[in-house]
Each structure stands twice: as structure tokens, then as C-alpha cells.
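K.L.:
Single-letter residue listing:
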Amino acid sequence: MGSVKVKNLIKKYDDVVALNNVNINIEEGEFFALLGPSGCGKTTTMRCIAGFEDPSSGEILIGNNVVNNITANKRNCGMVFQSYALFPHYNVFENVAYSLTVRELYQGGPATKLKSFARLMSKRLAKPSKTIEQKVMDALSYVELDKYVERGVNELSGGQQQRVALARALVMEPSVLLMDEPLSNLDKKLRNSMRTTIRRIQQEVGITTIFVTHDQEEAMSMADRVAVMKDGEVVQIATPTELYSNPQTPFVADFVGSSNIFEGQIKESTKEGSVVNIGDVILKSNIKLDKKDVKVMIRPESIELSSNGKIKDGENVLKGKVKISTYLGAQIRYDVMVGNHEIMIDQTFEPGTPVLPPGADVKLKIDPERVLLI
Amino acid sequence: MKPELNNQKVEVKTKKASILDRLDYLSVLKWAILGFFALFLIIPLFSVFLVSFTGMPINIFGSLVNPEIMSTTVERLSNSSLEHYMKLLAGGTYFKALVNSLALALGVALLVIVMCFPIAYAFARTTMPFKKTFAALCTIPLIVPTFVSAAGFILMFGRTGWFTNIYQAFGGDGVLFNVYSMTGIVLVQVFFFFPFALWPMVAAFKASDVTLEEASQNMGAKNWITMIFVTFPLAIPGIISSALLIFTVSFSDFGTPIIMSPPDLNLIVVEAYREIAGFFNWAGAAILTVIMVLVAGFFFWLQRLVTKGRDYGTLSGKPKMQKLNDNKVVTTSLAIYTSVVVLMPLLTILTVFLQSISTTWGHGALPDGLTLAHYQRIFTSSSNNIWNSVMLAVGALILSVVIATFVSYFVVRRGAAKLDFIASIPLIVPGIALGIALIQTFNTAPLQLTGTALLLIVAYTIRRMPYMIRSTMGTMMSIKKDIEEAAVNLGASPLLAAVTIIGPLMLPGIAAGSILVFITVIKETSVTVLLAPSDLAPMSLVVFQSLLRGDFYTASAMAILIIVVVLGLQAFANRFSKNRLY
Ligand SMILES: Nc1ncnc2c1ncn2[C@@H]1O[C@H](COP(=O)(O)OP(=O)(O)O)[C@@H](O)[C@H]1O
Ligand SMILES: [Mg+2]
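Which chain is which? The protein sequence lines are A and B, in order.
Note that the first sequence covers residues 242 to 615 in the working numbering.
Note that the second sequence covers residues 52 to 633 in the working numbering.
Looking at chain B on its own, in the form it has when it is part of the complex (with noise of 0.2 Å):
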């Protein structure tokens, strides 16, 4: 037994926590990313700030190593006004904007709420048959980039979609509805967005508190009274904080109003696309991007203070003796509801496939003929966005990786909660408001980086950073301090243990958390038509650009591919999740 060298006693005196925490290097490693979270998120998020005050760019960087630059910022920023934000509140597009994106979040987190209920109540209180089959179903929407299911709407419900022409088949007049409305959007919100809200309802459905129930059906009172007067009310909770990230959702959507909306509708995101990539004005987009996070930001707080003290996130508590009704007429009802509802979404999905294999379609409820030439389009001219989708999500897969798991290191074995913090800012930054951001921030020397793979890797990493940080922080958590002070006690240094143990144990969250990544990054839409600049165009831009064009084939084509990848992918991940090792 040898002393260790003098320097590791002086640390024994300054460190208060345990010895595992001496490594100091790891120090240098948080303040690495803190500064990437610094330079990628924070100062483009301030700078853009700033601009919704002066009206005028800022380049933060170029102030800060060229004397010029700086004289131009200061001057910019003494001459910065609230004229900007009086404009919009005098009324006038911007404000139409703001009003028209929330009457629709509002709608459309209204509409899922109450379309939901049912379904909720049904896979949590009854013997609802197919639960199983419904719960797969759910999972449809999820993976489907919200401008490919407005695609299939269109191709639906259009003028010449196929339900159309059904429709006018039997004697309708003209169309049922104009996808390319206020209707139009919401509806597919409401169908594509509904899953993130169903299943926290079911678990607020669940966690009432039974014994209550049975209280009140002790003192007499009949099924359905006991439903309406005590189950629904213990709920009410867990169905506000749904609504409201239904809200968040919806509000930042930018996939479906950018291939819906039609031109007399204005919608911020779309205002703040239309601003930034066709009128460079920057002191709209500003203001814009700052309002979006404002109301993303609030109605997050609002749902945090909510579900404060309470998790109905979780499906897996203790199954409690709760009675199911099982009552033949309720639950068969239940089902047909449920199905009309799920396989709404499913045969968007067909019908977008029906058309990457159609030769052309519109004139009937069938295609004219079938082909696999869109497909043999893709695979030869598009191949280059193939690989330039793959290459970017390998990219912030990788960097993603490398980030969330020593952030969930740093905040679950050293307590930092700050860190923590600044990792979940992206949740309520609308992917538009981050393009915007980053675009204003670095379009100019001394680091001019927009148009480079760099900017659209770091922002996806960014966009994706809090989920995949879930991931990863639950895996560590999940591993107890004693099994890495174990192999310190066997022997190992802190190094080696980390190495060999938490290293290993950590890898099934690590592989489900990073095929989420990968998954993400390739139906991202929002940051990439801002950031992607054409020789790295991935395949969602393609499908965006081709949609733009009215090229309904090639899109469906491509974004077939992207949903083949996807549930590949998603399959994959799951078997990585569920046949957990440990």
C-alpha cells in the first residue's frame, strides 16, 4: 500500500462530496458543454432578443473581436425601441398571426381532449376489446412528419382526393370541406397530435383514487354518478395538463400550416418562415421568435405547475383493484369509436402510399394504374438525399450521445440541477424559432457557420438534447452509486469502473435514446427547410420541396421511405427497450 501522489490530498480537503467525484478533467468536460449550450442556444436565443428591440442584426461574436462591429452593435442597441412590439400590438398581420396560432392551438387541444375521453376512459376503466391492436395503432401518428399526413389529407379530401371524388360519386356537390383551411389544419392536428395527450390521460384515468370510488359507491350512489361526481373530477388534472401540451404542440407545429394554411390565413410559425427565408427581415422574425417562445415557455410552466406533485407520466404503477366495467354494449361501442379514430390516421398513410405507386390518380376513388417509377426516381436522382438525411443523423446521433450521457452524469451523480435546466430549454423553443436564431446568429464572420452540415447537426442535437437526456438520466439513475463504489472497492479506479460497469449498464438506454435521435432527425422539417441549404438537402426536405412544387408523387414516395426507415428504426429501438439485459 503506497500513499497516492500529494496533489489528490489537497482535493480530499476542498471536495465535500464523495471521493469518485476527484476526477477533475470532468470538470473541464461540463464546462465544455455548458459553453456548447452557451454558444448554440443561449447567446442566438438572447441575440434574437435583442433584435426584437433594435430592428436591426446583431452579430454578438463579430462585436466581440472586431472594434468596428462593436461601435455598429452599440449604436444598433441605443437606438432600440419598443416600437417594434407596439406595431404588433396596434394589430395588423403580426397580431392576426399571434391570435389565428392560438385560436388553433386552443381548438385543436379543445377538440383532442374531448375526442379522446372515451378512448381514455375505455383502455382504463373497461374490458374494451383490441386494446392491445388500438394501443399499436396509436403509434402511427407519432412517427409520421406532420407535412406528409397533411399531404394525405389532400390527397383525401381535395379536389380531386379520392374521398372527393366518393363523395361526388354519390350526388355531394364540389368538396366536403377545403383542406386548405382553418378545418383543415385542425383536423389533422387533432388526428395526428391526439396519441401525446391519450395516453397521460389514460394514466390520469387510472390513478384516481379508488378507494374514494368505493367510498362512494358504499354509501349507495349508482356507477354512473359515482363516474361523473367523483372518477372524471379526480382527472380533471391530468386532462388540463394534456390539454395544455396538446396546446404547445400545436402552437409549434409548423408542418402542417406551412403545406396548409392558405395565403389569407396567417399563422405565426409560417409568418416567421415566409419573414426570415423569403423577406430577410430580420426585425419580424425577431419579434416573431421571441412571442413563440414567450407563449411556448408559458404554457409549459403552466402544465409544469399542473402535474406539480403529481405523475401521471407513468402507465407502469401498481395495478390497483379497480373494477373494469365490462359491460357488453359500453365497451363494443367503446371499440367501434376507438377504430373510427385510430384508423383515421392509417389511411392518411395509405392513401399517401396508394400514390408513391400510382402512375396518376385523381380521377376516381382508385388510382389509374400502378408503378414503381417514383420510386426508381428516388433511389436515382434523389440518392444523394439519402445519404446527405443519413450522414446528418449519424452526426447528431453521435454528438447527441456524447452530450446526454455526460449531462445526465453531471445531474444525477454530481446534483448539477443548473445544467439540467439549461438542457430543457429547447423544449420550449418551436423548432422555426430556433432556425430563426440560429440563422441571425451565425450568417456572419467571425463565425459565419448557417449552410454548413456543423449548424444543422448542433440544431438537431439541440432540438432533441431534452428527450434524449431523459433517456439517458433514466438509465443512470437506474443505476445505483453502489455498484460503481463496488468496483472502486474491488479495486478498479474511478476511470476503470465507469469503463467497465456504468459504461456497459447504460448502453440499452444509450442505443434506445439514440435510434429516438436518428428517428427524429429524419422527419425534422422546421429546422432543416430554414438551415439545410440544397447540397446537403436531407429526404424531408425533398418531400417539403416536392409538396411546395405540387409533386405529390415523388413526396409520397419519399416520404413512404422515410416512414419505412422510421418504423424500422422504432422496432428496433423497442426491442432494444424491452429486452432490457437488466
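Chain A with its partners taken away, still in its complex shape (with noise of 0.2 Å):
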């Protein structure tokens, strides 16, 4: 079990800067995601962590040691590879056996040597040690595999086969998990349960996690804490909630939940907060910045919308005209155009109550604590 710290890492391949300056501080035993856009650099990261890129400057620390010079072999962390990688002709006991058997042959004598070499070789030529079976069969249960044991790793389903990668890379007790990706082959339904999975196993073991996406809602919950990444950068580092109530970019605001996103300019400061100018809309922000130009970014679930009067005039309420409404299922959107702002809402859906049709005159509220200020 470890920590790692990535720190200063630059990773470049020829004139392309894949990583540009990335530091992340993770704890021992913390679930940590690396949210992203496709090419911003997260598996990159994990390879460098895992040993299989040089970079280019920069320093990888497991558990307080530098692990620069220590080849991908010896690191000790266990990766969950986004295609599974497994072997193909093992099955899925020697399979999950291959880094104990390896071990066996490094570190034993030379009759154990060769009997982890014939093993590694084919199965038919020498039986497992005890131990191996004992951890082999231990980790598979933790998967609830057990019953698969001399399963071809091909005739297994797509997540049966994540499961028996994952119990490969966790029998070798790692000082680290890496998983690249390790959801996206699945199917959705199959997607959450393995979540689920990954997660309770992940405590239960209390393991140091690297967990690589580009789906927020994966990242935000599943982990502990989540690196946004863009363009080879970590952008912000955050807990999930504070992440989402508290992006420190518009991209970030983007990229976890959707947002609208507008150019402000700061009119006054006041006791509780600012007052800003979105063209000629006017709203009351709780958040205080030094600044004059700001984007004001607000989430479509916090804006208050209704047709009925229901909505006194005063702060921070705006008239205007629905423009497209899409049902969602739980949720409508409303695409609602004030003056010549378009504002996207999200409204809860209750059954018996009425989607409004486009062109239908609707009053905003939003609370001055939703409407934040970058």
C-alpha cells in the first residue's frame, strides 16, 4: 500500500506535449479519478505511473520512494488494462496466478524455479503451490468468480473477464491500482453494478486507486477525489460535491454537469456579494471576486421556472419564452430565451403537471448562492 505523488511531470512525444507540468498528491488508500476529455492526457499519466513511459522530467513517488529508474516490472502496481490484456491461453486461474508464479520463480530456489517456469509454460506440466492456490482462489471470490476457475478467459462475458483482470492485478497485493478506462467496454446496465464492484472491493481492500475516465458521472461517484484534466494539464483537484458546486473554470463547470456559461461584468460589490451585468440582465451573486470581467456560471437544476405566477417579481427573477422543451423522462429542459440570452433549465417532472409549449411566457428565480462567479 502506498501514496503517490506525481510531481512536475511532463511527458512529451517528439513536439507533442502530452503532459505539460502535471502534480497530483494522492493518499494512501484513497480512491482517486482522473477526469478527461479523449487525449488529454490520463492514460499517459497512468503509463508514467506504471512504468511503461519515460517522462520526460518530473518525478513519480510510491509510497515516499522515487520510482524513475525502477523498471515497469518492479514497481508493483497493478493495472487493469482498458482492453483487459488478459492472457489468452491460460485460463482463468493461471491468469490470475501469473504475477505469484513469477514471483516464485525470482525469488525461489532452483527447484522452485523450475517448477514456476514449466507452470508458466503450460499447466499441464507442474501443479501450483499451496499459497498460490489459496491467494488465486481468495481473490477470485472477492470477484465472485470462484466458480470459473478453469474457464477459458474467451469464453467468459465482457464482465466476467474485467473481473477476472482486476482479480489479477489485486492478487499481487500492488502497492497501487491503476484501471485505464476499465467500464468502457461494458454495456450500461453492466457499467453500474461493476462500479458498484469496483468500489466496495476497493474499500474492503483499502487499496491506493488510480481510476482513468472520461465519464463525469463514473468519476464523480466512484471516487474520493477527482483530477479534471484538459489539453496535458490538471485543471482542478476536488471531492466530487465541491467539484460540482465549486468549479474553479467554466470548463470544469462544463465538463461536471452541464452549465450555462455567460460573459459578466462585476457592477458593484455589496455586502453579501456582487451584483452583475449579464448585457442588460442584472443578478445578485453571493460570491465576491477582485475582478471587474467574470464569466457567471449557472446550473440548469438550480434555476426556478414557472408559467403560473407562481414566481414574484424581485431579485434575481427573469422574464421570458420557452423556446424548445425536450422531455427527459425524470427531467424536462427548457431552453428559455431571456432577452436575447438562451438559459438552460432543468425542471423535476411531476407527473400530472403540464410540459409547457414553446412560446409559453415563463418567470426564472434563481437563488444568489447557485449563481457563481469565475
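None of these hints come from the bench; they were simulated from the model.
Just so you know, nobody snuck in bad clues.
Within a straight-line C-alpha distance of at most 25 Å, the following computed SDA-like cross-link-like pairs (lysine to any residue) qualify:
1) B:K532 with A:G400
2) B:K532 with A:I311
3) B:K531 with A:S398
The calculated label-pair distances, taken between Cβ atoms and stated as ranges, are:
4) B:V550 with A:D387: 26 to 34 Å
5) B:G619 with A:G349: 39 to 47 Å
6) A:G280 with B:T190: 46 to 54 Å
7) A:N395 with B:G619: 26 to 34 Å
8) B:L546 with A:D387: 30 to 38 Å
9) B:W82 with A:N262: 34 to 42 Å
10) A:D428 with B:F623: 37 to 45 Å
11) B:W352 with A:T437: 57 to 65 Å
12) A:D428 with B:L161: 52 to 60 Å
13) A:D387 with B:W352: 57 to 65 Å
14) B:L546 with A:E268: 33 to 41 Å
Only some residues are given here: those of chain B computed to face chain A with a beta carbon under 10 Å:
15) L541
16) A543
17) P555
In this text, all values refer to a predicted model and were calculated from it rather than measured experimentally.
Beta carbons are placed, not taken as given, at the ideal position from N, Cα and C, and that holds for glycine.
Relying on the hints, combine the two individually framed chains into one complex.
P.N.:
Rendered as C-alpha cells:
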């Protein structure tokens, strides 16, 4: 087990800068997600930690040891590959046993070495040791695959293969568990149940875990903390709730859930916060900033909407006209025109209430607490 | 966790690629393989190229170690001229040989395309019955050494052939056609090379754009109009590429012309063989070699050009929703036509077989009597030839496997495109040309290797290398890099990962490829007749020499033995590639 520190990590491929000064501190036992759009450098970061890429500069520490000069096979990082990368010529048991057998091969005496090597070449040549058998069976029951020991890995479903990959990485008791988009090859339903499985196992084992994903929902629902990455840089590191309620850049706000983002100017600072102009619309916010030009961000679900006068005129109340209404099951998404600004609003759907048609006159109310300024 | 040795850190800084690539003894191996190709392929070809100007042998290796030889070489080089090329252009035997060979190749290519056209259409676009059987029969021509097919044709259509006997019994006069002629050679090549074109053509017909065809039909065009104006034109690049392939194969073929060409018909392969084996005319052989390589290379290049960006080679593409023609009249007539074509090679082989168990044959449609004496003879007096074949084939197999495996590792995992290019050069070097180049280079000290098993094995290996590499490279590419990385991640060193993961996963590909090497070596002729000394003579040389002697009985028995071995191994190889475990 160990913490992971990435210090000033830079990785260049010829002229392409894949990682530009990445700094991450992951605590022992933490479930840490790397979140960002495709091509932002998540995989590269993970591969640098695992030892498959040499950083152009910067340091990587696992459990307080600098590991830059330690080859990939000695870093003791368990990795779950996006493609699972199971060994197709081995069955489930042999796949999971691989790291343990290799360890016996390197550490054992001549007889053990020979036996382990034979075992790696073919299961028919030698039997696994009792300890290996015990550990493999434990790992497999953890992922609920103890009934599939003798199966060929190609006879398993995607979700089962995923769990073999997980068991294979866990059985070596790695200092850190690395997972690169492990759920992206599964269908939606399976994805949800695997999320729970992975999170459960992580908490039971208490292993430091780095989880790469481009799916914000996945990161937010599983991780203790999330690093949002963009173009090879870390934009923000925070807990999921903080990330959602207090994004530091418009990019984060938009990437983590959707958001209305406008250019605005701070007109005056008050005791409670600021008053901003967005064109001719005036809004109050509880945030104080020392600059004039700001970005104003409002989450679609933090806006109240009504067409029947439930909202009285007052502070932070705007008049608008519905442009498009989209029924999304549990929610209704309205695109409302306020002057010449288009605002997204998500309203919980209550059976019995009609969906407002385009053209309907509405009033919007926004709590100053929910008006974010950056 | 202990830091690795210091020198590893230095390498970390210098290599850009993945850490898996750090194994430096692998670089040494790469240079060794490059050296192998330089020594046995590039330098011999280059040396023949020089000789074609000097007209005198050149000893490149000798020049490097011995100043005297060096001065001779320099003198000869300074005397080099275009004289021999001028003579060639001025006409004469070489020029005629080239023209004849080009005419032969052109004729065969055109005939094959015309002949395959209905069959390819039938396979790709109709519900013709017996497709599987026909496909199986189409493999026969590929397992028979061409001089055996030539012999079979002589046994059928020659002056005492059984077909000729029937023909005369029905009142025919003399022979139907003279087998010892251009016609004979063309027929044998057409019937034994057509599978090379058939499958690419089937693929071309299948790959034609279905949406265009549907559009044409939606606009009200009749089926046959769509076929002529949409389906066929779309298949044209594939067809041209097949024609060019057949052209190269026919141009480089040695087995058929050496058996069938009459004295007054010069063909470039035969001419080159006679110059070197009969007269030791270095200048002539060198010029002919250069020309053969240039012509084969040019047509190979043309073929690449035509197929560029297209992949007609695979039949396994996603099946598109194509409506197959199930008109009974059409499918039945196509089936009859196809059976005539595919039965011809089978008939030829059956003839050879019957000859091999005949006491005597030549007076009628059937042998005078049956005997196993010929087999008994080859198993007693020629058992050493069988042994030679096995030894040479095993030698070539081992060498091929080692080189091909590492070449594909370097090409696939380390992007060594140069190595890939060099290893595909043999594709454009006809066997006779390679033989001449090797003899020219290795017939004197310091590297006198002609007449040794080593040179023969090397020659076989080089000839088969491009195919072997395709086979191992395909397997290598199907093993994703992350599987190797997973093993390393789980604690195995790159070497242990290669041995325990990559090795076993490549085994089926290597096995299938090496069986094919074995097969081609056993039926190889052109390099064999040039390079094999009598004490190393393999089975194919026995067939060849028996044929030249006119002893068709021994030749047939030995040929059938070769075919049986090839068939057996082929079946074995097919099992390997079909029952791929992974
Ligand atoms: N081997 C490589 N050679 C060159 N560029 C690479 C290589 N690997 C990754 N990159 C580049 O680095 C950037 C980050 O890639 P990656 O880490 O795979 O992104 P992610 O996993 O977030 O999708 C991309 O722009 C990608 O094109
Ligand atoms: Mg990635």
C-alpha cells in the first residue's frame, strides 16, 4: 500500500506535449479519479506511474520512494487495462496466478524456479503451490468468479473478463491499483453494477486506486477525489461535491454536469456578494471577486421556473419565453430566451403537470447562492 | 523496491519508445539479420549487376581480403561497358528469349483472367452448387511442382499419351496439339496458376459496391445491365492486379519451360539456366538475371500500384447483403464449366499417378499392367534423396522460423520498416535469378559455399522468407502490445514476458508458416537444379533428372511421393490454422 505523488511531470512525444507539468498527491487508501476528455493525457499519466513511459522530466513517488528508475516489472503497480489484456492461452486460474508464479520463479530456489517456469509454459507440466492456489481462490471469490476457475478467458462475458483482470491485478497485493477506463467496454447496465463492485472491493481492501475515465458520472459517483485534466494539464483537484458546487473554471463547470455560462461584468460589490450585469440582465451572486470581467455560471437545475405566477417579481427573477422543451423522463429540459440570452433549465417532471409548450411566457428565479462567478 | 542498475537509467534518457524496447541485445540480433540479407541477397544481386557490365566474374568478398583479387576486380570494373546490353538490344537470342517470355506471360495472364472470370463470378455472386468441393479442388494446382504438371501433360497429350491414343482411336491424325511447344507451356501454366488469380478475383467481385448496384437497379436497370456496367467495372482493379500477379508468376516459372520448351523456343529462364549450367557464361547469365529481376520487379510494382489502398486479398470481410443469382440455368452451366476447369489439374495428377504404377504405358488409353516396382525402386535406390529432401527442408524451416520470427518482432514492435522492405525483395527475384546470383558470388574463396548444404538451405530460406514473414507478422500483430505489458506489469521481465506470453501465442502462426516452408522446399526446383550437388540431390532433383532422361516411371513415382508428403503436411497445417486455439 502507498501514497502516490506526481511532481512536475512533463511528457513529450517529439513535439507533442502530452503532459505539461502535472502535479498530483494521492493519499494512501484513496480512490482517486483522473477525469477528462479523450486525448487530455490521462492514459499517459497512468502509464508513467506504471513505468511504461519514461517521463521527459518530473518525479513519481510511490510510498515515498522515487520510482523513476525502477523498471515497470518491479514497480508493483497492479494495472487493469482498458482492453483487459488477459492472457488468451491461460485459463482464469492461470491468469490470476501469473504474478505469483513469476514471483516464485524469481525468488525461489532452483527447484521452485524450474517448477514455476514449467507452470508458466503449461499448466500440465506442474501444479501450483498451495499458497498460490489459496491466494488465487481468495482473489477470485472476491470478484465472485470462484466458479469459473477452469474456464478459458475467451469463454467469459465482458463483465467476467473485467473481473478476472481485476483479480489478477489485486492478487499481487500491489502498492497501487491502476485502472484505465475499465468500464468503457461494458454495456450501461453492467457498467453500473461494476461500479459498485469495484468501489466495494477497493474499500474492503483499502488499496490506493487511480481510476481513469472520461465519464464524469463515473468519476463523481466512485471517487474520493477527482483530478480534472485538460490538454495535458490538471485543471482542478477536488472532492466530487466540491467539484460540482465550486468549479474553478468554466471548463470544469461544463465538463462536470452541464452549465449555463455567460460573460458578465461586476457592477458593484455588496455586503453579501456582488451584482453582475450580463448584457442588460442583472443578477446577484453571493461570491465576491476582485475583478470586473467575470464568467457567470448557473447550473440548469438550480433555476426555478414557473408559468403561473408562483414566482413573484423581485431579486434575481427574470422574464422569458420557452424556446424548446425536451421531455427527458425524470426531467424536462427547457431552453428559455431571456432577452437575447438562451438559458438551459432542468425541472423535475411531476406527473399531472403539463410540459410547457414553446412560446409560453415564464418567470425564472435563481438563488444568489447558485450564481457562480469565476 | 530497489533501484535498478545505473546503466539502465542512461538508456531511459536516450530511448523515446516504450520501456519494453530497452533490451539491447535485441539490436545486435537485428544487425545480424540485416547482415544475413546483405550477405546472401543484396551483395549477390549487386555483384551480378556488376558482372552484367564487366562480362567477367567479380569476386567481391575476395576483393575485400586479397589485394590481388582487388586489383583484378578494379581492372574488370574499369573495363565495364554497355556492350552486352547493346548486343541484347540489337536482337539475337537473348532478345528473342525476352520477347518470348513476355509473350508467354502475357498470354497466360490474359487466358487465366478470361478463364477465371465466370468462375469468380459464380463463387462471388451466385448460388452455384458444390462451391466447397470446387474450392478444395482449386488447391490441387498449388501443391504440384510445375515440372510434374508439365510431365502429366506430356503423358496425356504427348505422342504416346493416353489422350492421344484415344484421339487416334476415334480417327484423329497424329496428336491433338504438340505439347513440346508454346501452346503446351501456356496450357500447363494456365491450368496450374489460375488459383492465384481466382481468389483475388472472387474478392474483387464480392467487394464491389453494393449500394451502387442497388442504385442502378432502383433506377430500373435490368440485372444484366447492372452487371455489365456496374459490377464488372468496379471489379476491374482487382482483376488487373490478378493479371499482373499471374504475369510475374508465369514469367518466373522454370519447371514448365525446362521440361516442355523445344530447342527452337528460347525462354529467358531456360536460356539463363543453360548459360550458367551448360556453358558457364557469366556475362550472359548475369545480363539475363538482371533483366529477369527488372521485369519481375516492374510488374510487381505495377501490381502494388493497382492495389494501393484497396484490399482485395481478404475474403473474410464483413459479408454485405448481396443478392446472389440463383437462376437454375445460370448456376448449372457455371457449375459444369467450373468442374471442367478444376478437373483438368486433377486429371493430370491422376495420370502421373497411373504412370507411377504402370508396368508400361503408351500403347492405349490404359496401362499394360500395374506394378509397385517403381516405388520399390525409389525407396531402395533413392532413399538418400528422400533423406536429403527432409534434411534440407528441416534446415530451411529452422532458419526461416528464427529469422521470420525476429523480423516480424522488429517490424511490428519496433517499426523496422527497412527490414520489412529488404525481406520482401525475394518476391521479385525469380528462383533461377537467385541461383545465378548466389553461384556467381560464392563459387570461389574466401567464401566458397556452392555445393554445400548451407548455401542451398540459405537459398530456400531467402526464397520463402517473404511468405514466412507474412505468416508470423500476422500472428505478431494479432497479439496486442498491452498483453505483453500486462505481463511486465505483473512482475515479469520483458524477456520472461516474451518467453511465457508472446512465444506460446505465436506458436500456431509459426507452426503453420513453417509447414508451408517445408512444403515449398520439398517441391522447389529452380534453385535446386542450380545449386544442389549430386550428393545432396533432393527428391525434386531426382524427378527433374529422370524427366530429362525420359524415365517417366521413376519421375512419376517420386512426384507422387512429393505430392503425398505435401498433401499430408498441408492438411496438418490447415488443422493448425483452423483450430487456432485463440
Ligand atoms: N505514443 C505516442 N506518441 C505520440 N503521441 C502520443 C502517444 N501517446 C499519446 N500521445 C498523445 O498524447 C496525448 C495524450 O494521450 P492519452 O494520454 O492517451 O490521452 P487520454 O488517455 O486522456 O485519452 C494525446 O494528444 C496523444 O495524441
Ligand atoms: Mg486513454
